[in-house]
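Enquirer: Chains as they are written, first to last, in our numbering: chain A, -10 to 671; chain B, 874 to 1187; chain C, 4 to 218; chain D, 123 to 616.
Since the hints were made in silico from the structure, they are not lab data. Warning: the hint list may mix true and false statements.
Capping the alpha-carbon separation at 20 angstroms, the derived lysine to aspartate or glutamate pairs in EDC-like fashion look like this [stated by the list, open to error]:
| # | chain 1 | residue 1 | chain 2 | residue 2 |
| --- | --- | --- | --- | --- |
| 1 | C | Lys215 | D | Glu485 |
| 2 | C | Lys217 | D | Asp273 |
| 3 | B | Lys903 | B | Asp876 |
| 4 | C | Lys215 | D | Asp610 |
| 5 | A | Lys582 | B | Glu1081 |
| 6 | C | Lys215 | D | Asp271 |
| 7 | A | Lys642 | D | Asp271 |
| 8 | C | Lys215 | D | Asp273 |
| 9 | C | Lys148 | D | Asp273 |
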Amino acid sequence: MSISDVAAAGLPAALVIRLATVTATAALTRRAGACRGVALGGSILASAVTTTVAVIVIVSGRAIDGVLVRHAASGIVLSYAITPLSAWFLMVLGLVAMPVALYSVGYFAHAVTAPRTALVGAGLNVLLGALEVVFAADEVIVFLFAWELMTLSTAALVAVEHESSASRRAAYLYLVMSHVGTGCLVAGFLILAAASGSQSFPALLSGHVVFGPTRELLFVLFFLGFGVKAGVIPLHVWLPEAHPAAPSSVSALMSAVLITAGIYGLVRVCAFGLGVPEVRWGLAFMFIGTLSAILGVLYALTQTDIKRLLAYSTIENAGIIVLGLGAGMLALAYGHGALAALAVAASLMHVLNHAVFKGLLFLGAGSVVMATGTREIERLGGLLRRMPWTGLFFLVGAMAISGLPLLNGFASEWVTFQALLLGFASTPGLVRLNFPLGGAMLALTTALAAACFVRAFGISFLALPRSHGAAEAHESPAVMLVPQAFLAASCVALGLFPGAVLRTLREVTRSLPGLQPRPEMVRGAMGMTSWATRPESFDHVVPALLGAAMLGGLTFAAWATVRTGAAVRRVPTWGCGGEQDARTEYTATAFSKPLLMIFRAVYRPTRDVETLAEVSPYFPQEVRYRSAIEPTFERYVYGPLGRGVLWAAGRMKVLQAGSLHAYLAYVLVLGVLILIWLGGPM
Amino acid sequence: MTDALYTVGLALLQSAGLLAAAPLLKTVIKKMKARLQNRQGPPILQGYRDLSKLLGKESVRSETASWVYVAGPRVYFAATVAATTLVPVLMAAAPLEAAGGILLLVGTLALGRFALATAALDTGSPFGGMGASRDMTIAALAEPALMLGLFTSALAAGSMNLGVLVRGLLQQGPSFHPSDFLALAGLFIILIAETGRIPVDNPATHLELTMIHEAMVLEYAGPDLALVEWASALKELLYMTLLVDLFMPAGIAMRAAPGAILVALLAWAGKVFVLAVAVTVAESTNAKLRLFRVPELVSISLGLAFLALAIRFL
Amino acid sequence: MTANVLILCAAGMLVTAYLMVGQKALFTTIRLYGLQSSLLGIVAATNALSDGRNDLWVTAALTVALKGLLIPWFLMKVIDRIGIHREIEPFLNVPASLLICLGLTVVGYRVSTGFPEGTRGASHHLIGVALSMLLIGLFLMVTRKKAITQILALLTVENAVFLVAVGVTSGMPFIVELGISFDVILAVLVLGVLVQRIVGRFESMDVSRLSKLKG
Amino acid sequence: MNLLVWTLVAPLVTAAIGVVAGPRRFREAIMIGGLAVTFALCLAVAREFLGGAIPAAFGDALRVDGLSALVLVLCGFVGLLSGVYGVGYLRRNEARGLITPRMRREFFGLMPAYVFAILFVSVSNNLGILWIAVELTTLASVFLVTFHDRDTSLEAAWKFLMLGSLGLAFALLGTVLLFASGQGHLGEGMAALHWTRLMQAAPTLHPFTLRLGVVFALIGYGTKAGLAPMHTWKPDAYGEAPSPAGVLMAVGMLNGALYCVLRIHMISSASLGPAFSSGLLLTLGLLSVLVATPFILIQWNLKRLLAYSSIEHVGIMAIGFGLGAKAGVFGALLHMTYHTLAKPVSFFSAGSLAQRYSSSDFETIGGGTFAGAPITSAIFVLSAVMITGSPPFGLFFSEMVILKAGFLGAHRAVTAVFLAALIVLFCGFAYQVGRLVLGPSRHPAAGTMEPERIDLGVGTALVAAVLAIVSAFYLPGPLMALIRAATDVVWGGA
């Protein structure tokens, strides 16, 4: 029994575990504690199994396939195949799912009411199982099956606190949008199946199934279908509603891996499933990616609900991923296999990195919400003293997501930059200008992200608490800190040894059609490098070296500032003469005000200031400042759409207005019409 | 092994040298500015005196501040120092060019900025917040222009690694492509913006509503402040050196021969001085812009950089 | 000879249908229906005579007995019992209705031309009449407000169907025939009961008021 | 007398005993027992068929081929379920003192009678008998619609009867014309109207007469099946009928009517080629799905919601049959099976909810039923997931099969529209279920209600749900065999 046989048994085993877990959870509904233990334990176990399988596949570079179930009734055989690409996503999933599950052990105890523990626990397992099947699916029906299951379970998890109309609305919006997406997928896949006469992905996505306009149509269908899940603008509106509504650990999963399901689809089908991409496809991806990145981070900047903020930043990162993918498609379109490999590697690398730090950030946010009872940044503050560990881990996550060196965010953005520059160097005509523009926009995005997370961390964790809840906050239990520590450590590790990741990705990209990863794409585990058309490499980076240099700088600073016998004097912060308290602190709203004003065109901010004065307006008792940004897409795209549909439906009411005579008239008309149609002698 | 030691030594030397030179640059600019305004201006060594004085003081910190407040200046300082090792100064090779190129440099500086801005929020003083907010805003706006400007020369030389880049430029010999001037102009604006000079920021004022960088570090005193000041000065020098490397590399030593180094040193000093003069002139001939006018300035530099790219490669 | 009789009766039935459209008095309408059914009976009888099929005699007898006499009597009894106002208020005025019915007749006849000439060469006329009657009956159902009048219209439709049955196919299999007529009677009874319940409930037979169930 | 006849006699006897007065327990026992026996007999007949025999009676007037066997089993199953649930339903109402002796008599008499009529439909091979049987179903169900004896129920019954009778008149004309189209080839007497006979004579039938006949018959039986635009009686009738009767209509009658439609469809395909009636079915089916969609979006009443969903499903099946592909036919029959398994669950749970809140109006119920009736609500949500064709339940697979057949076949555009409608439908359903089940309860008596307990009604719903879930992954071999046999019958005919 070789290792691959064991691996082949892996996925079914994991699914069986999940199934058993779900059943057990359902059985233990009455006993919340046990229920929690079983659900999360089982989930960790299953994730461990799938992760192992994924790693085996990546290392061995050989795909594993098998049959999950045969659905006798419809004669459908549900088979799976773990290709290196699937394995990559499975690995990312496992890497996040395990810490999240562990975290949930502590989190659910506080945040989820006892009667609903079973629902959440079961939902979590169903969601993870569905995701695993989505990544491993090798056949249309099983893919759609898992895809739908994923949607439904997520919706259930979002609607857990269904007493609040917000989460009901979020769940519904999510359900509707993903269902429309699924519709596009069904159509697309079935057309492919019809064209190829087969249902299995290898045949379907062999790339020479459809041509001409059909191909374009399919590209659009699949882009819509997967784009909704990936949360790219303008298909994103569900995301900032749904992610915050779910329990934080679930939000972590949604942001970290649920969107990667969409990315997976985009890579598997749009980029590599329909044959060599058209130039315009690549351009479309780059455009959408850039748009999502910029708008995502801009919207994130103005949020004061910490989970909404993170959700918007998820949109931003999805944008970065899609940008890289688009560059890859463009390179493919021009036949630069090596460059394409670099770009795709960049985007896949960012999938991993984003999963890690976004998971970390959401877990941190969860702890904060649990400790303070609010998601409103304006009501937080001073948490670093009250929850030092959570604060530290959150800071690491914030720095990682801001693309600062020594952490993983920098690594993948670095590769993306490389891909963009090389793209400029090796594509003809005006098209090439997209690359430096994309680069510039990426730079802007990164810098804005830095601003955004200075704000997010600084306002919520530093200085004085702005509310009673924040003042009373306590550090979370160890079971919730350990997963965060793990993820934070991974941020650092992935940041210091990006080469290891890139080497793995070289194997993955090699398995994709048309990609020819250069060996010199990786240089050692410590760093990574790209290459140029010339012998000397285009650029390379070894973060560890920089780390060393910074250590030097730190020691020097320490040496320079240390003085014998000089005591540190603690004084109150100067409050401009007045006494300094939480109310005079700089608020999050104020922090993002300059950018709000500068990007007025995007935000279309509305503000109203009302002054409550008794004596004269010059001596106000109280000034109320309200400011809001316009939800452009919701207001101008989705609002009218929904209203239109409902209006049309309302119009149809007259058909069933209750008059029997009308009903009879339908039959009369039908009869007459058909008689006329049949006509006289043939 | 030996060359590892060599690298380390070189790195130490270069960073030490730049650290030593940085305060001088600041004072020189102050002095020239004063002269332009018919003032005496500070003595040439004033910068060093300030630093030693500040380092000599006891450190005074806010009660509300946490370790982040302490870490801020140190990380800022360390990042800037580390950045110096990525840039070729006298020799056509950066000591730590094995670590990475332009992107890493920019990232490192961003790291420093992140640390300082975060720390500024730690005291709870409205000034810290205001400064941090504005500083991050301007940095964010400057970033794309900076990148584009750097891309232009990087693509010209075929590498993002500064060492390779400078060597490449030197091999190509002095080229006077119009795009160079456009890119230079663009990056000069960024230099102004990033180093907090008029017309973007006014290093000399502590008028609460106009200051940006100063507001951010308003709460700092003693050694902490010294580190910040020193690092900022270093950063300015660094940017100037970067411009020098990219646009007027002539004179940089190709090999480690004493003579060549000496020449390079003089050349470098001269070029930096020219830039300093330019900065001084810009400072004394312009009025500080309102914060919301800064984007226009930056967008000009963005336009210049993109134009440079376009006319160079199309 | 037979053909002429058949066509004559069919024409007569069509005329009665038209009269029903034009008629405003409830009782007259019911009597018209009786007449119509009797004509149907004659059609059956004629066929029975011409191809000497005895079961058709039974059909004829049944038709005349049930539809010609029993059902009209039953309906009148219902009306008397619930003693409602005996005017018909149609949705559409008479001339317009007649015009539409003419159109329907044209449609029906046009279709009938597609049929093969049966043994007696009358079948396509019968079909034409039947289809026109069917459509007219349906039209009556659409335009009549009173429950009873709707029932009458429905019965007219049924007559049309039976006209095809006996006129064209010279009768369905006997048992089927019986079952069908039995069912029709049952249906009429049920309808009667329902009408009484409705009237008992709403003090009116105007079914256009039955429009609470919407959407 | 053979098994087949007994299968029809059993419910008749049950009905007869049910009508004559007797102690309640006794009647309940009789009804459940009788229907159980009936179902057993149905299974026995199906077994006989699977054994290779063709059960028949009265000179092939009653004949069981694959299609009949499938429909027979499904209808028997639904009959039993609704009988058991009905007893529970009646008990609840008895407890709340809403039941008069008349109601009891009608209920225990008409329910089995209705079952009888439906079974009668599903086994008749003679088109005339078929028509009579369908008429019987109408007559049997009218007074079930008026059961609650409200103004609205009278209204519903009137509309139901008028449209039904009209449809039947059409169907009769269709039958007559079919008969006429075979003049001279079929001969006289009973056998002349046998479906089998017509199929044999198919090539020689007179085309035009046949076309006309097919059209009328399809419209007629389509009315009973509730295909748009003849569907208008459905929401009213379902909304007013007591839930057990509702199930019989929405599943049993629907299957029966579809059975008739299919018989006609087969004759037409055999004689005129598949295109003609397939086209009609496709058109009507698509129309039904499209008509159902907006009303589900804006629905205000729980039971009417289910009615529209059943219009949608009959539309789906019609599309499946109309696609003119074997896969489509198979998918449609599979859909019929799964629909038969899933629909009762939603009717039962919805009925129990409506009873509990003594209304089926969303506003009056006031949402938040999860708080008030967790078990029933959970079952209802489950069933909603089922009947919207979402995984992991059966209707997902059958819809997939149909969609696939559609995209493989010549009707891409139709399938695309169909798919779009399905999506909107899902969204509508999700919205309605959400506002019924989730959120805080706004029902006035929400606080004072006694806690929910599993009585016979809820229990039946639970059992049905379990059956539906299991069936999604495992259909018993014989049932599969029946579906395949039915497919062969329909496809062989088409």
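Enquirer: A separate judgement is required for each hint: does it hold in the structure or not?
Expert: Now for the hints, and whether the structure bears them out:
1. C:Lys215 <-> D:Glu485: Distance of about 17 angstroms is within 20 angstroms: holds.
2. C:Lys217 <-> D:Asp273: Answer holds: lysine 217 (chain C) to aspartate 273 (chain D) is near 14 angstroms, not above 20 angstroms.
3. B:Lys903 <-> B:Asp876: violated (40 angstroms)
4. C:Lys215 <-> D:Asp610: Roughly 45 angstroms between the alpha carbons, so the hint for lysine 215 (chain C) and aspartate 610 (chain D) is violated.
5. A:Lys582 <-> B:Glu1081: holds (17 angstroms)
6. C:Lys215 <-> D:Asp271: holds (15 angstroms)
7. A:Lys642 <-> D:Asp271: violated (26 angstroms)
8. C:Lys215 <-> D:Asp273: holds (9 angstroms)
9. C:Lys148 <-> D:Asp273: holds (18 angstroms)
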